[in-house]
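Engineer: Residue numbers (the numbering used here), protein chains in the order written: chain A, 764 to 944; chain B, 152 to 310.
Since the hints were made in silico from the structure, they are not lab data.
Wrong hints could be hidden among the right ones.
[Said to hold, decoys possible] Only some residues are given here: those of chain A computed to face chain B with a beta carbon under 7 angstroms:
hint, residue
1, 765
2, 825
3, 871
4, 883
5, 919
6, 937
7, 940
Think of the CB as a built atom: it goes at the ideal place given N, C-alpha and C, for glycine as much as any other residue.
Listed below are the residues making up each chain.
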Amino acid sequence: MSAWNFIQRVELGSSTTTLALNNIPQTYDDLVIFYSTRVDNNTGDPSNFYFGTDSGNNYAMRMLFGTSSVGSAANANRLSQYNAWAIWWMQRDLSFANTFNNVSVYIPNYSSTTEYKTVSVDAVGEDNAAGSEKQIGAGIWRSNSPVTAVTVVHYNGNFVANSSATVYGIKRGSSGGVTVS
Amino acid sequence: MPTPTYISLATVNLTTTDASVTFSNIPATYRDLVLVFDGTASPDNNGNVQFNGDTAANYSDIRMIGYPTDLFTSSAETGNSLITGAISTTRTNIIMNIMDYSATDKHKTTISRVNNQALGVIARVGRWSSNSPVNEVRFFLSTSSMQAGSTLTLYGIGA
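Isolated chain A (complex conformation):
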């Protein structure tokens, strides 16, 4: 039996401020979410995502990112611990038509009721013109509550139509005679 299971996909039919995955079943062990997003402004503001209805200061993020513009050397930087109400990634300015940011999020033990939730984020944006950006991030949600919903909100604008989020559940188990000691 496959450990990787499709749960749901949301694709926007029109511009809106949020992209939400709701009613996530608690029958799996880990979550993987893939985002394909574009926003309707060029300010480079972040997209934030939070769990359930928790808008309190219960999140923190540390990020390493690299940027490059056409004809320029690449730059690397890291973001100091970012305590906020959500975990976030930088939404790359996208002046080139039809290009979307690509983000993957891994949440082990999302259904746990006894442990905080760690998050692994990989994000990339490239617009074939002004530049590109790659980010990796380590996040934490300081809550023992299970993840039942994941909502993405752009800080200063809307997600455009065809922005999407797809979530998969990973179920642990044993197979093939592998032993653990």
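Place chain B on chain A using the hints.
Structural biologist: Then chain B, alone, in the frame of chain A:
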């Protein structure tokens, strides 16, 4: 129904502290392996990975790290294990991909991410200098222990 290709091979949820977890008798019927750790350690210590009981200096890696106050990149380093990164009392997750683990004609390469919001975010690529198929994966801490509530899971990805 399509053939499942992402299979959970074994998993453990620690109920007591433990410095080492070993996955053995790994069948050679998949293409890649994925090792996922989520948990804590006390005191802070690096997680390490060894294959097939090989404790010799047959491992090398290169890494880039976003520390709280600095960036760090390394040239290739050789040692007797693949170091993943620091695990602390802040819950940490580690995802390691082991490509072509069952091949008998190539060294084994890994790509890993360590996500510790307090200590740093790390990306590493590693190599085990052996053409042997991986039939055992040991994850351990040298001078510390994983705490109860930590989980380790090994997945196989079919081609």
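Engineer: Less than 7 angstroms between beta-carbons is the criterion; does residue 937 (chain A) satisfy it with respect to chain B?
Structural biologist: holds, 5 angstroms
Engineer: At a threshold of 7 angstroms, is the proposed contact between residue 765 (chain A) and chain B supported by beta-carbon distances?
Structural biologist: At 3 angstroms from the nearest chain B Cβ, residue 765 (chain A) passes the 7 angstroms test, so the hint holds.
Engineer: Restraint: residue 871 (chain A) near chain B, CB-CB cut 7 angstroms. Satisfied or not?
Structural biologist: Status holds, d = 4 angstroms.
Engineer: For the hint on residue 883 (chain A), does the least C-beta distance to chain B fall short of 7 angstroms?
Structural biologist: holds, 5 angstroms
Engineer: May I ask you to test the interface hint for residue 825 (chain A) with respect to chain B, counting a Cβ-Cβ separation under 7 angstroms as satisfied?
Structural biologist: OK, holds: residue 825 (chain A) within 7 angstroms of chain B, min 5 angstroms.
Engineer: With a cut-off of 7 angstroms on the beta carbons, see whether residue 919 (chain A) makes it to chain B.
Structural biologist: Nearest chain B Cβ about 25 angstroms off; hint violated.
Engineer: Classify the hint on residue 940 (chain A) as holds or violated, based on whether any CB of chain B lies nearer than 7 angstroms to its CB.
Structural biologist: This interface hint holds because 5 angstroms falls under the 7 angstroms limit.
Taken one by one, the earlier hints fail for this structure only at number 5.
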